[in-house]
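If you're matching them up, the sequences are chains G and L in order.
Per this note's numbering, the first sequence runs over residues 1 to 425.
Per this note's numbering, the second sequence runs over residues 426 to 912.
Rather than coming from a laboratory, the hints here were simulated on the basis of the structure.
Treat the hints with care, as some may be off.
As the list claims (entries may be wrong) - Result set (DSBU-like, lysine-lysine): computed pairs, CA atoms no more than 35 Å apart in a straight line:
1) G:K129 <-> L:K660
2) G:K193 <-> L:K652
3) G:K193 <-> G:K242
4) G:K421 <-> G:K242
5) G:K129 <-> L:K792
6) L:K509 <-> L:K572
7) L:K750 <-> G:K188
8) L:K478 <-> G:K129
9) L:K523 <-> L:K802
10) L:K750 <-> L:K506
11) G:K188 <-> L:K509
12) L:K648 <-> L:K674
13) L:K506 <-> L:K652
14) G:K193 <-> L:K792
15) L:K454 <-> G:K188
16) L:K509 <-> G:K129
17) L:K454 <-> G:K193
18) L:K672 <-> G:K129
19) G:K142 <-> L:K572
20) L:K792 <-> G:K142
21) G:K129 <-> L:K454
22) L:K750 <-> G:K142
Every value quoted in this text rests on a predicted model; they were computed, and no experiment measured them.
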Amino acid sequence: MDVTLPKLAEGADSGTVVNILVVEGDPVQVDQTLLELENEKAVAPIPSTGNGRVARVHVDVGQVVSVGQVLVTIDEDRAARAPAAPAPSPAAEPAAPTTPAAPPEVPQEAQVHISGSGAPPAASPTVRKIARELGIDLTRVKGSQRGGRIVMADVRGYIQGLQQLALKPAAPAAEPVVDVFQTLDLTKWGPAKRERMSPLRRTIAQRMTESWTTVPHVTQFDDADITGLMELRKRYAKAYEKAGARLTVTSFAIKAAVSALDKYPAFKTSVDYQALEIVTRDYVHIGVAVDTEAGLIAPVIRDADKKDLLSLSVELDELAERTRQRKLSADEMQGATFTISNLGSIGGSYFTPIVNSPQVAVLGMGRGVQRPMVRDKKVALRMVLPLALSYDHRVIDGADGARFLREIVRCLEDYPEAEIKWPVS
Amino acid sequence: MDPIQTEIVVVGAGPGGYAAAFYAADMGKRVLLVERDERLGGVCLNRGCIPSKALLHATHVIDEAALSEARGVAFGKPKVKLEKLRQWKGAVIEKLAKGLDGLCSRRGVRRLHGRGHFEDSHTLRVETAEGQQFVSYDKAIIAVGSKPAMPAAFDLGNRRIMTSTEALELEDIPGRLLVVGGGYIGMELGMVYARLGSDIVLVEALNNLLSGVDADLVRPVAKAAEKLFKEIRLKTKVLSMATSGRKIKVAMEVNGARREETYDRVLVSVGRTPSYEDLGLENTGVRIGANGFIECNDQQQTDDPAIYAIGDANGGALLAHRATKEARVAVEVIAGESSTIADVVIPAVVFTEPEVAWCGLTEQEAKAGDVPVEIVKLPWGASGRALTLDRTEGLTKLIVEPETERILGVGITGAGAGELIGEGVLAIEMGATARDLAESVHPHPTLSETLMECAELFYGTATHAPPRKRPRGNGREAAGQDTRTHA
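For reference, chain G alone in the conformation it holds in the complex (with noise of 0.2 Å):
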């Protein structure tokens, strides 16, 4: 029996092979992970829909695949059939991405012609030296000539439909696009790999790309006094422990972050240029920046405002894990009013963070550092907190995102310990 890539989600109909786990001649049960899909911002299982010993794999690590198509062919024990394909089980639904990987455009870009003696492709080396100063990999050609022998026109076509690819205008979650035709040969100067960007990576790189093109950024930068709120940390640190969460300088500055955005409400707002339109948000969602092994991930906090810091601690210690282990659904990653960036684990101080376009504002911040300052006329050693907000400086005005990020301090530094109290009491 063949195993076919199901339908993992709505609009979800392709992915990117990033692991597979079994070798032809395995043995391998229903359910048995067979290999591992990468969608967008989930890595989902595929498990066997049968019983009994791998015969084939038909893909490779890096492909890209799409619903319908053969995974692994497996010769069946005859005692032991499965029932008909089930999807993959709810504790492995994986992520279900609104906007949808976009299946690929030129379906070359994932085809090899490697044929049967590993030979170089059949091109004159007139044709070669031409793909060679492109930097077009003849073995994604296809040939048209008798033994799949390349010619020019093979060549133009291939430009042709990667030109058109790039020219298509970027849907939301396109293809970033990217200059096809800019040869990256970093070998000429030493020894260098290359692989292909996970669909991850290139989801940030477009993201990324597309804010700091279309967003005006400002960076503000100012320090929070949080020894005070350190005190109170300490002081109640086991309680908080005791009923199942860490109470984190991140907790507090979503709190703080909360306030803040209900007493300026332009940094709930999008813009939409289109209709030339501000949009303002009636709710508080807030995006957390959680570093992974594959790369950046902002899980979301969803309201905010009508949680306190207990519940917010539980959710973000919780939503923190699932993210390293990547087992988000794409609802959890979306939809966030403010993003918060906690470099503090890792240390520095200010940066200057990318507003996470269609947001208009993102607080960067840094490690607390002991340094003396004045208070009550005397120098004594306090812990600073360095904070920056970086904002879209066409819906924001510098004189906001200072008052904004004040508030911000002001939160932070006079902390009500009751706050802190009551859900613990």
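Fit chain L to the given chain G structure using the hints.
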């Protein structure tokens, strides 16, 4: 003296070095060509390809004349005037060297006669007759080539123990000549001396002649050598040599048994070693590989960003035309073009009689690498041209990729195989299929027809050969199936 400033310095003026210098000059670069020999041309012109081919041609006529008697045209016994033969050979070299001088000066390539030594990655010191001269350059191309290997045990300082260099000088015609090594140099020069009248004993450590070449291509040459030489001893190791008056006493182990014999001369042709000693490579970032040759990548770049290396000094197939191609790659890479030696087809020719030539994938390599191929062979017994030349010992074979029918390799043994192989190179480089070759009309009667008919045979039927037992269509099964039934 102030250091000479140049964009490119090329060290060594063999077929790699002068090609690099000329090409770079044609591209508008300032080039300095450093050569320790008086003459340009390197080993190829002065002590290799050219003199050996001159002698091979001159002496081949002796064989031809003898065979001619059976065809009704007799010449009588040839008289060899060694002095005149040497002069003619020298004149060929001289003419080509003069030509190179002219090409060099017309391009404005500056020459420096002396030994080069790298002081650091951007400075070359050259020991000239007028003293030291320093050269400061952007890029250097090492093209110092190789020289015959002489194992220390044989290196007695006796000029009767020769390498190819001395053998090509043709000092005399020894009565008994021992040739150590059955590679292409031993076979070629053994044939020259045999025709001139020497009794040749050729010994080879391995179990076959021309090791590395497909056995079916070697067979006709081995047969010819057996006729021409007094003796061929395989699996034989030379243990020691000693001077004994005007002769050389040689001890060897033949199939495990020790033997001692005396020879008038010995030719040691057991391989070649790179000529980069005293080049000062230790002062640069150039790395030497485990095999003793310079390491470089497909762009001819060594580990030192300022230094490129081409030709024999890098190891691999020690062939002049490979060096020339690598010269072009190196210069193009220096000029910022994207160029590579990867996947370039380098043909090889052994100029014995019959000649052996091959290019692309060999049958041996296909077997060793478990590459699925189909092999078609056309013995020349079927060729009208071979019969009229009285040279039917030849063989043409194609190595074809079954699924695409692309030609991956070509092997030819026979008269003029070296000239014929060019078509094979073109076919592989162009990605031609057996059909392309079969449908290109070749003139009759010529030996080039064997390539076309061999390709026809791939499809089961060639005009001048009986059909293959199993016509094509059975895929790989047909491959092992006898391809020689048409003989």
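Please name the hints from earlier in the document that this structure breaks, with their numbers sorted from lowest to highest. 1, 2, 3, 9, 10, 11, 16, 18, 19
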